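**Q** From first to last, the protein sequence lines stand for chains A and B. Read left to right, the first sequence gives residues 1 to 283 (our numbering). Read left to right, the second sequence gives residues 1 to 335 (our numbering).
Treat the hints as calculated values from the structure; they're not laboratory data. All values derive from a computational prediction rather than experimental measurement. In this text, a Cβ means the ideal position worked out from N, Cα and C, and glycines have one as well. Among these hints, one or two may not hold up.
From chain A, some residues computed to sit far from chain B (all C-beta separations above 12 Å) [stated by the list, open to error]:
no.	residue
1	32
2	41
3	69
4	82
5	88
6	92
7	106
8	109
9	155
10	186
11	201
Heads up, simulated SDA-like pairs for lysine to any residue below, C-alpha to C-alpha not over 25 Å straight-line [claimed, not checked]:
no.	chain 1	residue 1	chain 2	residue 2
12	B	246	A	52
13	A	77	B	293
14	A	2	B	109
15	A	228	A	170
16	A	2	B	103
17	A	259	B	252
18	B	319	A	258
19	B	15	B	173
20	A	113	A	226
21	A	259	B	223
22	A	2	B	108
23	B	202	A	282
24	A	259	B	293
25	A	178	A	204
26	B	325	B	211
27	B	210	A	280
28	A	275	B	197
29	A	221	A	276
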Amino acid sequence: MKNPYLPQEAKIVEVLKEAPNVKWFKLKFVNKKFGRSFHFWHGQFAMVGLPGFDESPFDICSNPHNSTDYLEFTIRKVGRLTTKLVTLTKGDSLWVRGPYGKGWPSFHKLKKKNLLVVGGGCGFVPLRSVIEDGVEQISPTRQMQIFYGCRNSEELLFENRYRDWINKGAQLNVIFDKEQPKTPTVYGARCGYGLITKLFDQVKVIKNASAFLCGPPAMFKFVLEKLKKQGFADEDIYLSLERRMDCGFGICQHCACGKIYVCQDGPVFNYAAIKNIPYIFEY
Amino acid sequence: MDKNEAEGLLNKIKKEYQVYAPVQKSQGCFINRIEDALQVDYSGSIPLDSWKFLFFPPQEALFDENFKEPETSYPKICAWGMNVLDLKALGLFDLVFEGDPYYQKRRQNILTVGLSVGAPSQENFEDFQLFSLKLEEDVLEHVPFDIFLETMQDKKILVYSGSAKGRQVLEKNKISDYVNIQFAGLIAEEGQDQRMLELKEKMTKGYEHKVWDELDKICLACGKCSIVCPTCFCYNLEDEMADSDKSQRLKKWGNCFYPEFTEIAGGFDFTASVKRKILFWYEHKFVRIPEQYKVPGCVSCLRCFKVCPVAINIIKVLKNLDKKKNEKPLSPTGS
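Hey, can you work out the whole structure from these sequences and the hints?
**A** Set out below in structure tokens:
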């Protein structure tokens with residue numbers, strides 16, 4: 001019988017400091033055969049851990065089309081495990097099992113062809129893999145608009161990718177809520193000052209679009225209001241939720257809410273499917 | 001078979017297996033390892049603790065620091081005297097941990113012997129009917145067991161075998177007068193339990209129900225109900241230092257009433273209030289387990305009520321869910 005708790009060793013092949021307490025890691029599995037069988041989809045997560053430091057769920061933030069070659073995580077130092085993880089360097093190992101959960105829907109299955117991606121703070125991480133995949137598919141009939149709310153220029157994530165995304169046709173809007181930007185653009189992206197919801201008033205929101213959201217519960221509440229005002233149907237809105245997870249496959253109960261398990265039924269959900277579950281967006 | 005013969009069988013089993021059985025102690029009936037067949041309590045009391053610790057230990061090592069599985073020996077254990085309610089709970093565990101190799105290895109070495117005592121007594125049978133727990137003829141076809149002993153009115157004991165393992169033990173001990181039962185899964189032929197479906201519906205629609213605010217005021221969130229509950233199976237995966245420099249990954253009983261159960265990085269907790277914790281517990285039993293496994297998440301053993309420091313009675317709580325808005329609710333506590 002396969003042991004569902006068994007993680008695989010992966011080595012760090014590249015590491016980058018994304019923000020003062022945030023590191024980006026590129027990993028390859030030590031067992032190459034396992035690596036070749038590791039197919040993830042954007043929005044899925046993996047359990048990442050170190051012996052003696054437990055495991056936690058992290059969204060895989062690389063392009064799923066490279067999934068059997070490498071995978072990337074972006075990790076912020078917040079707890080015991082992540083405090084250790086951000087000290088790791090090239091050549092160090094960590095232990096990964098997954099991929100788990102249901103990710104963002106395939107673009108071809110969306111009723112609305114265009115895509116609006118809205119991320120707040122660390123919530124931008126789970127959206128990165130869908131952006132990386134999405135920009136490759138931009139065409140005259142499939143446009144992509146990105147709203148990213150961030151504390152300040154120092155906390156900016158993935159800024160080394162912006163020009164590529166923009167060159168491929170994405171419209172990227174960044175907004176800082178703790179710092180007045182010194183220039184009207186950062187790394188090629190339009191940049192403003194205020195909460196993420198302000199972007200909905202300042203920028204012409206893309207029409208005929210599906211919306212992909214990730215951020216803290218408070219952001220969901222206000223962004224959902226804005227989306228409703230823009231006429232987005234519940235069915236066209238998808239969100240990625242965060243919960244504590246121990247098993248990753250719908251048994252241990254930590255991520256449960258009402259009748260759903262965020263690990264197994266999500267972490268990405270269609271808004272219409274979960275909006276009536278009490279307390280789903282509340283701490 | 002009579003009681004003496006049953007004790008004879010137990011003594012023979014004891015030569016090969018560590019035997020655990022209900023035992024009367026000054027504080028009540030508990031499941032204990034027994035040395036003597038005479039220690040077994042046949043009064044029909046439901047033990048205060050549940051059998052789950054034999055199948056799902058409070059703590060077990062999954063891996064060493066190199067993620068190698070430890071060499072664990074799984075002793076041959078006989079769980080003697082499980083009642084039908086406890087066997088139903090075991091059936092649920094068998095489903096939950098179907099893909100868990102640690103559970104499966106341990107489970108293979110456990111011989112389960114059911115007893116008809118401990119089933120709901122006639123005087124409170126009405127309460128148990130809340131869960132549609134009918135003592136129908138085919139109940140044994142829908143619970144897992146190796147051997148089952150049914151005490152008849154005349155004190156004679158009918159013997160059933162529910163598995164090849166059970167048959168082997170009986171044959172080996174020269175008992176040939178038994179009935180074979182073929183396990184047909186936990187769900188009865190007529191389909192999913194109607195009361196379970198009804199409660200699931202009521203739970204998902206009843207979040208604003210006063211019953212939760214009432215429980216919010218009185219529940220201490222001590223988590224004792226979860227510890228004794230035969231169907232509570234949540235767990236944590238945690239690393240602990242086995243030695244000064246060696247860690248191991250453990251699977252440990254979780255408890256949804258304890259702090260940090262639903263806490264995420266940054267200290268945000270999705271079940272910070274008592275109301276949310278108790279809802280979470282009820283949702284697991286009456287929404288998620290029925291949804292996921294199609295069987296009731298409560299076997300109505302009332303262990304939770306017996307250990308609750310403020311005497312919350314699950315049956316009265318569920319009866320309140322049945323009540324209409326204008327009806328006066330029952331006190332959720334007391335018998």
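**Q** Hint by hint, say whether it matches the structure.
**A** A quick look at each hint next to the structure:
Against the 12 Å criterion, residue 32 of chain A stays outside the reach of chain B, whose nearest CB is about 18 Å from its own CB. Listed as a non-interface residue, residue 41 of chain A keeps its Cβ farther than 12 Å from every Cβ of chain B; the least gap is roughly 22 Å. In this structure residue 69 of chain A is separated from chain B by more than 12 Å, as the shortest Cβ-Cβ distance comes to about 23 Å. Separation of residue 82 of chain A from chain B is inadequate, the least Cβ-Cβ distance of about 7 Å not exceeding the 12 Å criterion.
A cut-off of 12 Å between C-beta atoms confirms that residue 88 of chain A is not in contact with chain B; the least separation is 16 Å. With a minimum CB-CB distance of about 15 Å to chain B, residue 92 of chain A clears the 12 Å threshold, and the non-interface call stands. No beta-carbon of chain B comes within 12 Å of the beta-carbon of residue 106 of chain A; the shortest separation is about 26 Å. Every Cβ of chain B is farther than 12 Å from the Cβ of residue 109 of chain A; the closest lies at roughly 25 Å, confirming the non-interface assignment.
Taking the minimum C-beta to C-beta distance to chain B, about 15 Å, the non-interface status of residue 155 of chain A holds against the 12 Å cut. Consistency note on residue 186 of chain A: stated as away from chain B, and its beta-carbon is indeed over 12 Å from all of that chain's, at 26 Å minimum. For residue 201 of chain A, the requirement that its beta carbon stay farther than 12 Å from each beta carbon of chain B is met, with the minimum near 28 Å. Taken as a hint, the residue 246 of chain B and residue 52 of chain A pair is honoured in the structure, with Cα atoms around 8 Å apart against an allowance of 25 Å.
Proximity of residue 77 of chain A to residue 293 of chain B is assessed by CA-CA distance (about 38 Å); at most 25 Å being required, the pair is judged violated. Restraint check for residue 2 of chain A and residue 109 of chain B: the C-alpha separation of about 19 Å stays at or below 25 Å, so the hint holds. Restraint check: the Cα-Cα separation between residue 228 of chain A and residue 170 of chain A comes to about 23 Å, which is no more than 25 Å; the hinted pair holds. Restraint check for residue 2 of chain A and residue 103 of chain B: the C-alpha separation of about 13 Å stays at or below 25 Å, so the hint holds.
Distance restraint check for residue 259 of chain A and residue 252 of chain B: the Cα-Cα separation of roughly 23 Å lies within the 25 Å cut-off, and the hinted pair is therefore satisfied. Taken as a hint, the residue 319 of chain B and residue 258 of chain A pair is honoured in the structure, with Cα atoms around 20 Å apart against an allowance of 25 Å. Distance check on the hinted pair: residue 15 of chain B and residue 173 of chain B sit about 12 Å apart at the alpha-carbon level, within 25 Å; holds. With a C-alpha separation of about 20 Å, the suggested pair residue 113 of chain A and residue 226 of chain A falls inside the 25 Å cut-off, and the hint holds.
Our distance criterion of 25 Å between C-alpha atoms is met by residue 259 of chain A and residue 223 of chain B, whose separation comes to about 21 Å. With a C-alpha separation of about 17 Å, the suggested pair residue 2 of chain A and residue 108 of chain B falls inside the 25 Å cut-off, and the hint holds. Taken as a hint, the residue 202 of chain B and residue 282 of chain A pair is honoured in the structure, with Cα atoms around 22 Å apart against an allowance of 25 Å. Taken as a hint, the residue 259 of chain A and residue 293 of chain B pair is honoured in the structure, with Cα atoms around 12 Å apart against an allowance of 25 Å.
For the given pair, residue 178 of chain A sits about 23 Å from residue 204 of chain A by alpha-carbon distance, which is consistent with the 25 Å threshold. A distance of roughly 11 Å separates the Cα atoms of residue 325 of chain B and residue 211 of chain B; the hinted pair therefore holds under the 25 Å criterion. Restraint check for residue 210 of chain B and residue 280 of chain A: the C-alpha separation of about 20 Å stays at or below 25 Å, so the hint holds. This hinted pair checks out: residue 275 of chain A and residue 197 of chain B have alpha carbons roughly 22 Å apart, not beyond 25 Å.
Taking the CA atoms of residue 221 of chain A and residue 276 of chain A, the gap is about 14 Å. The hint holds against a cut of 25 Å.
The earlier numbered hints that this structure contradicts are 4, 13.
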